[in-house]
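A.B. asks: Position chain Y against the provided structure of chain E, taking the given hints into account.
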Amino acid sequence: MKQVININFQGRVVPIETTAFEILKNYTDSLGRHFANEEGKEEIINDIESRIGELFQERITKGATCITDDDVNAIINSIGRPEDFEPMDDAQPSAAASSSSYQQQSNTTSTGHKRLYRNENDKVLGGVCSGLANYFNIDVVIARIIFVVLLFSGVGFLTYIIMWIAVPSTASAEIGGTRKKLFRDPDEKMIAGVCSGIGNYFGINPWIPRVLFLLPFLSFLSRWGHWGGFWDFGDVIRFTFSPTSLIVYIILWIVIPEAVTTSEKLEMKGEKVDMHSIKNSVMEEMKGVGKKAEKFGKEASGVINEKAKAVAGDVQNFSRRSSGGLGNVIAMIAKIFAYFIIGCVCLAIFGTLIALIVGAVKLYPLKDYLLDGNWQNASAWGTLFFFIIIPFIGILIWLIRKITNSKSNSRMLRLTFISLWIVGWVCIVFFVSSIDKEFSRKSNLQDQEMNIINPKANKLIVTTSSTLERTGKRYRWSRFESFDEFLDEDTLTIQNIKVGFIKSPDDSFHVRVLKEARGFSRESANANASKITFNVKQIDSLLVLDEGITINKNDKFRNQNIMVTVYVPVGKQIRVNGDYFRKIYFNNVFNINDYDRDNDYFDDNKWQSGVDYIMKEDGLYTLDGRKADGWNDREDRRRNAKNNRSNTYRYDKIQDSLERRQDSIENRNQQRVDSIEKRNERVKDSLDRQLEKEKNKLENSNGVILNTEPGNLSANIMPGVMILPDIN
Amino acid sequence: MGRSTTKYSHEFLKKEAMNIDNTASQMRKGVLEFCILSVIKQGEAYPSDIIDKMKAANFNLLEGTLYPLLTRLKNAEFLTYRWVESNSGPPRKYFSLTEKGAAFYKELEATWNELSNAVKAVTDIDASNNLNNNNFNNP
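Protein sequences appear in the order of chains E and Y. Sequential numbering from 1387 applies to the first sequence in this note's numbering. Sequential numbering from 397 applies to the second sequence in this note's numbering.
So that you can see chain E by itself, here it is in the shape it has in the complex (with noise of 0.2 Å):
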């Protein structure tokens, strides 16, 4: 009866007898003393050790459950002990006959499975895809490319990472190296064993990876519904993780191989990485250490000489031995972040140069409308390819050589791109300079004031004329709609309007509109204010602005602006209706100090389009009495907008439509109204020149005065008109 222990050699648990490792203990100290002044004597022991491992590994595999001192002994003899290296006397033809018959054996009995390790010497990082093509038996470059086509949905990156930190290295070869293996464990899975494979290989609780691998998983099954919301940053990154988790499981499941055998399950379970294990392998270093440096000691013949070295062998060791331990995790650790951080931002900068290329793309109609002669146009067209593009390639070749590892000279390729960078930067310059030239002077600010006839109703509603409601115009698949919304054969309609109300001096409205642009000179730039063209109609409580300002492509876009200020008389109402006024502000972007002086009496007169005011002495108020303030008042309204737009989760929609409809049968009563009272007016003036007539035909006929007041008149007429047809 023999007891058995587990022993973790090369990487591996081997189960043993404790007599067996006691003989296997000596022959490795045996050539550590050997092979002690060898050159490369760590490799050496290594690749012994690692063929002892090899031949143990044949024994398991073929069903041992054991290694037994027979096995020992005949791997030992099959490797010759240390004293028969050197003088190489044939005299062991046993160990020899031995030797071969264990050779046939191990090329007839290869049947174990492969494994999969990391390939440290052909590695771009951490040498897992290499690792998997030779795993596969693929091209290393076809696993490369799968991966970093992987990595731009999150899936490839969370998946390398896991797998380099898991999969065994092909150097780690490690002396006694504590290293477990990671398996699916069958025994205790709940669908492939991945999670538990994981938690045994941590040591932690199963169930911490399940939960890790569940969270997301449900999170994005919740959230299936709607996220559409794509700028909503945390929508993203749940998206993104959610299915990353059920992938990477499906990976892992195919990658990792499931623990069958006993040998195997105790690879997995492993010897604990702890204080304790560590410290026996420092304290076995330090055995031999010591004897290390007694043989210093002697050569040196000094007692002290001799302290002196056994501590600096002492010292020498420990800091090999921690940078080599506890300084490798480190240094991978350190490895992995400096590669995450250096591919975030090589993916930032590559996504802001695909959306540069994409801005391009879209902002080429514009083309026309803002540079002018030959110089800007050429310098536009360097920037785009020499300042943007030229990186875009760089960046694409340099990934490209560093999948497929080319190891050719690159010193040209990197000197071309950078000299026709260096061009970009050039154009980039020029272009910037000679655009912010034609915009530096400011033009003086056009008057143009008009009064207005007060509508007949307390409210005046401004409106647009709908030039621009084409059909068929709209492209919703990208944010730059706009301009493709703006742009017409040979004009550009630009929304750089900005309306205001303020309190009106007197009883009445006006209107006031400024014009303003800018050019490289004052001149230049009053030239571009005064081509502004902007209509201001009235009809009745309708003020009709144009939709925007019309720029041609003699007249170029020099951030011509309007500011429309409409005085409201204290009591009367306004309002802005549609979507008008709030898509696009060029103001914002070109000269966001120039109103400075206007900012504060706009500010004071915040709205939102869509909602009815009410001028007071000081200032607007909403019809529920409320102060106007844009911002509140959009948010409102862009409650009522989202709601009315998604379907999903709206309780009040039928109320919302109610309202919606009530005022529009409002406005509609309104102008109707409007459009009667109106008529009327004509009626009764007709009645009162036809009363007039009457009248002086009368006077002149026979002089009698009949008493018919024009007032009662139109009474009488009133009811006919009154009989309204279908109201609603």
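Treat each hint with caution, since some may be false.
Calculated pairs, SDA-like style, for lysine to any residue (alpha carbon to alpha carbon, straight line, at most 25 Å) [stated by the list, open to error]:
1. Y:Lys470 - E:Arg2058
2. Y:Lys470 - E:Thr1414
3. E:Lys1939 - E:Lys1958
4. Y:Lys470 - E:Asn1921
5. E:Lys1828 - E:Lys1842
6. Y:Lys425 - E:Ser1805
7. E:Lys1427 - Y:Glu473
8. E:Lys1427 - Y:Phe500
9. Y:Lys470 - E:Asp1998
10. E:Lys1427 - Y:Ala506
11. E:Lys1889 - E:Asn1837
12. E:Lys1958 - E:Asp1998
13. E:Lys1845 - E:Arg2058
Cβ-to-Cβ under 10 Å is the rule here; a few derived chain E residues that face chain Y [what the hints assert, rightly or not]:
14. Ile1465
15. Leu1502
16. Asn1505
17. Gly1517
18. Asp1876
19. Arg2065
Keep in mind that the hints were calculated from the coordinates and are not lab data. All values derive from a computational prediction rather than experimental measurement. No residue lacks a Cβ here, since even glycine has one placed at the ideal position from N, Cα and C.
C.D. replies: Chain Y in isolation, oriented as in the chain E frame:
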């Protein structure tokens, strides 16, 4: 007296044996590198393969001798290796010749040819002498 003689002869024999061993192993050692390089030259080889091939040629070699030798050759940049997955156990080192190693092998080959020709010539003279002697003796 006889006792001392036997003792002396025993020690002499032992010493002789060691000398023979030593000489033989020295000779083997000289050609060992050459043999290993020529095995590797035929194609990438795993240490066990090398031993098998040597054994097939009746040149017994211990793995414990081979590994340090390979490491030395590798450190001298005559050899290079790559890791290859094995069906059982850890990945294996497969060795192949570098350009430097190939040049080194050529030199060794030339030396070996010279040496073996010389040895053959020398031993042939010996053999022919014997033959001649025999011829003289026979008639």
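A.B. asks: Would you mind marking each hint as holding or not holding in the structure?
C.D. replies: Right, here's what the structure says about each hint:
The hinted pair formed by lysine 470 (chain Y) and arginine 2058 (chain E) fails the criterion: a straight-line CA distance of about 101 Å is larger than 25 Å. For the proposed pair lysine 470 (chain Y) and threonine 1414 (chain E), the alpha carbon gap of about 23 Å is at most 25 Å, so the pair holds. Straight-line distance between C-alpha atoms of lysine 1939 (chain E) and lysine 1958 (chain E) comes to about 42 Å, which puts the hinted pair past the 25 Å bound. Annotation: proposed proximity of lysine 470 (chain Y) to asparagine 1921 (chain E) is violated, straight-line Cα distance about 89 Å (limit 25 Å).
Annotation: proposed proximity of lysine 1828 (chain E) to lysine 1842 (chain E) is violated, straight-line Cα distance about 40 Å (limit 25 Å). Proximity of lysine 425 (chain Y) to serine 1805 (chain E) is assessed by CA-CA distance (about 60 Å); at most 25 Å being required, the pair is judged violated. With a C-alpha separation of about 17 Å, the suggested pairing of lysine 1427 (chain E) with glutamate 473 (chain Y) holds against the 25 Å cut-off. Of the pairs offered as hints, the one joining lysine 1427 (chain E) and phenylalanine 500 (chain Y) holds, with about 24 Å between alpha carbons and a cut-off of 25 Å not exceeded.
In summary, the hint linking lysine 470 (chain Y) to aspartate 1998 (chain E) is not supported, as the alpha carbons are separated by about 89 Å, beyond the 25 Å threshold. Simply put, lysine 1427 (chain E) and alanine 506 (chain Y) have alpha-carbon atoms about 32 Å apart, too far for the 25 Å limit, and the pair is violated. Taking the CA atoms of lysine 1889 (chain E) and asparagine 1837 (chain E), the gap is about 14 Å. The hint holds against a cut of 25 Å. Taking the CA atoms of lysine 1958 (chain E) and aspartate 1998 (chain E), the gap is about 11 Å. The hint holds against a cut of 25 Å.
Pair hint lysine 1845 (chain E) plus arginine 2058 (chain E) holds up; C-alpha atoms about 14 Å apart against a cutoff of 25 Å. The beta carbon of isoleucine 1465 (chain E) comes within 4 Å of a beta carbon in chain Y, closer than 10 Å, and the hint placing it at the interface holds. The restraint placing leucine 1502 (chain E) at the interface with chain Y holds, with a minimum CB-CB distance near 9 Å, inside the 10 Å limit. Contact between asparagine 1505 (chain E) and chain Y, as hinted, is supported at the beta carbon level, the nearest pair being about 7 Å apart and thus within 10 Å.
The closest approach between the C-beta of glycine 1517 (chain E) and any C-beta of chain Y is roughly 9 Å, which is under the 10 Å cut-off, so the hint is satisfied. With 10 Å as the threshold, the beta carbon of aspartate 1876 (chain E) stays out of range of chain Y, its nearest partner Cβ sitting at about 68 Å, so the hint is violated. Taking 10 Å as the C-beta cut-off, the interface hint given for arginine 2065 (chain E) is violated, the closest approach to chain Y being about 96 Å.
The structure is inconsistent with the numbered hints 1, 3, 4, 5, 6, 9, 10, 18, 19, although it conforms to all the rest.
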